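Listed here are the chains, written in short residue letters.
2 protein chains.
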Amino acid sequence: MIVKAGILNAINQKISYTDVRIERSEEEVLVRLTASSLNRRDLWIQEGLYARIQLPCIPGSDGCGWLGGQEVILLPSINWGESGSFQSKNFQVLGMPHHGTCSEYIAIDPQLIYSKPNHLDHIEAASLPLSGLTAWRALMTQGHAQPGQKILITGIGGGVASFVLLFAVAHGMEVYVTSGTQDKIDKAVSLGSKNGVNYKDSRAFEQLSEMASGFDVIIDSAGGPDFHKLLRLANYGGHVVMYGGTLGNIDHINPQNLFWKQITIKGSTMGSPKEFREMLDFIGDKKVKPVIDRVFPLSEIDEAFNYMRSGNHFGKIVLDHTR
Amino acid sequence: MIVKAGILNAINQKISYTDVRIERSEEEVLVRLTASSLNRRDLWIQEGLYARIQLPCIPGSDGCGWLGGQEVILLPSINWGESGSFQSKNFQVLGMPHHGTCSEYIAIDPQLIYSKPNHLDHIEAASLPLSGLTAWRALMTQGHAQPGQKILITGIGGGVASFVLLFAVAHGMEVYVTSGTQDKIDKAVSLGSKNGVNYKDSRAFEQLSEMASGFDVIIDSAGGPDFHKLLRLANYGGHVVMYGGTLGNIDHINPQNLFWKQITIKGSTMGSPKEFREMLDFIGDKKVKPVIDRVFPLSEIDEAFNYMRSGNHFGKIVLDHTR
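Chains as they are written, first to last, in this note's numbering: chain A, 1 to 323; chain B, 324 to 646.
The set of hints was computed from the structure by calculation and includes no laboratory data. Model, not experiment: these values are computed from the prediction. Treat the hints loosely; a few may be bogus.
Ranges of calculated distance between the beta carbons of each label pair, as one might list FRET restraints [said to hold, decoys possible]:
1) B:635 - A:170: 56 to 62 Å
2) B:575 - A:47: 51 to 57 Å
3) B:517 - A:211: 49 to 55 Å
4) A:110 - B:607: 49 to 55 Å
5) A:114 - B:375: 53 to 59 Å
6) A:172 - B:339: 52 to 58 Å
7) B:600 - A:277: 35 to 41 Å
Each residue gets a CB set at the ideal place from its N, CA and C atoms; glycine is no exception.
Working from the sequences, and respecting the hints, build out all of it.
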């Protein structure tokens with residue numbers, strides 16, 4: 001069928017909003033999408049910074065919409081596989097190579113379809129899947145987060161980090177954040193963080209140590225030159241989880257700090273269908289509301305990509321397909 | 324009471340074998356020690372390379388002997404505490420500041436006393452406690468080792484590494500080792516390892532990759548410049564456990580390798596009473612026999628220290644208190 005969608009035809013080109021032909025295989029069903037949201041992954045694909053890029057492709061890993069009379073959201077983990085510990089060799093993220101959610105319709109495996117949480121509208125629900133799932137696995141499965149523990153979330157503002165913040169607060173943790181701007185720290189505090197520091201401040205790590213004395217869980221997506229300082233802030237038995245590495249390689253790790261304090265460093269990416277189910281149950285139970293930064297109409301998808309690239313947002317950027 | 328013992332009176336001095344007065348508190352019992360064994364920790368204390376050294380002190384964390392008519396061994400973890408994940412702030416290792424096992428008698432908390440495994444003689448049993456417990460926790464608790472998995476043990480030959488090897492073989496794992504000498508690789512193979520490489524060989528890591536294609540568990544006590552290459556050898560969901568850092572800081576860790584492969588890096592030190600009990604049950608069940616490199620009479624303790632410092636041993640260096 002022919003649908004209106006955003007499509008990326010080649011690396012470093014703008015996302016065109018235009019008519020696109022999509023095909024439905026026999027195993028797939030058609031979902032009418034009312035909203036989608038953006039993730040850093042979409043930018044990396046546009047910029048050619050992702051592995052095994054196949055174009056043209058409709059971007060988008062997050063979708064909410066209708067299947068018949070049912071309000072649904074989509075699981076973005078395709079072929080996760082049998083293990084809880086890691087994804088299978090056939091694992092894919094929805095939205096390249098499989099056509100994604102920035103489209104009026106998607107043809108999709110019914111196993112990836114879940115009921116929309118009742119307490120969320122379509123915009124909120126569309127912001128949840130990839131970032132929420134990544135945050136859930138990093139925090140709960142890999143980070144072994146417990147109520148009452150102290151947690152540090154670095155680089156607050158991005159989609160995943162904002163969900164880690166929301167989940168940690170709802171889980172009864174004492175939350176601290178870092179950011180490069182005071183506005184984002186203030187926003188984090190308004191969402192339930194206890195405090196935060198500006199990582200551009202030369203005394204940021206001393207300040208964190210004074211504020212919290214130590215952290216049981218640290219969630220990071222930067223890596224890079226300051227990562228080793230995070231390890232010094234970890235408590236005995238602490239979990240340091242990384243789901244990204246935007247600042248590059250990690251150096252200067254002191255082995256004695258690691259082994260004497262029995263610290264765990266854990267890589268995490270995406271999550272399993274089981275974790276998606278757990279996350280949906282949790283946000284339904286705790287009535288967690290995603291943080292939406294800004295909503296664009298689907299027709300302005302390229303503007304939405306450019307806004308995301310600016311890095312000024314806090315929370316999710318959503319595309320409304322109904323206006 | 325006055326006993327014959329080895330004693331360290333000051334940093335960088337020889338260990339004297341002489342008469343020493345030991346005191347028994349009301350909570351302690353006297354164990355007549357028939358054998359003890361050495362650990363790197365003892366050398367580090369002698370060389371002043373350990374935290375909060377208090378001297379004079381009788382060294383030794385490992386002991387076997389008699390309590391009345393019972394053959395016993397000693398748990399070297401004092402005040403481990405309540406958590407399975409890490410030791411308490413009051414944690415101590417037996418053998419500084421508490422007088423250790425290189426002595427005819429020790430005054431010790433009865434909670435640290437366990438029955439000697441029946442299938443081991445006193446020399447074998449004395450080789451077990453600290454190294455065996457450290458190996459057990461690193462492999463089983465922190466490494467999540469499973470039968471059938473592939474494991475890499477770096478720097479084979481030391482006490483802990485030799486126990487990791489024995490436990491992994493008995494657990495049904497496919498074991499690979501690294502060493503700086505072919506003799507130690509050959510010895511490891513004779514003990515059940517499948518293969519090994521010389522880490523001085525410039526192609527060592529490529530060879531490991533060709534031999535095993537990847538490892539589910541990697542156990543390391545070196546850290547240092549090559550540690551990041553170990554991470555590249557880890558399978559998806561792999562566990563890399565470090566219980567030491569003799570080669571210093573770790574650099575060049577690639578975050579993407581960590582998070583995409585969902586790798587865990589875990590620090591580990593010593594172990595809990597629960598783990599000691601599990602380890603004793605396992606070696607009794609599997610009839611694991613420690614690897615003894617050489618036995619010295621207690622009176623030659625200083626020679627034993629110097630032999631250990633040479634680094635040429637494979638397995639444990641034991642002191643026989645009965646000759």
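Quiz prompt | Hint numbers contradicted by this structure | solution = Those not satisfied come down to hint 2.
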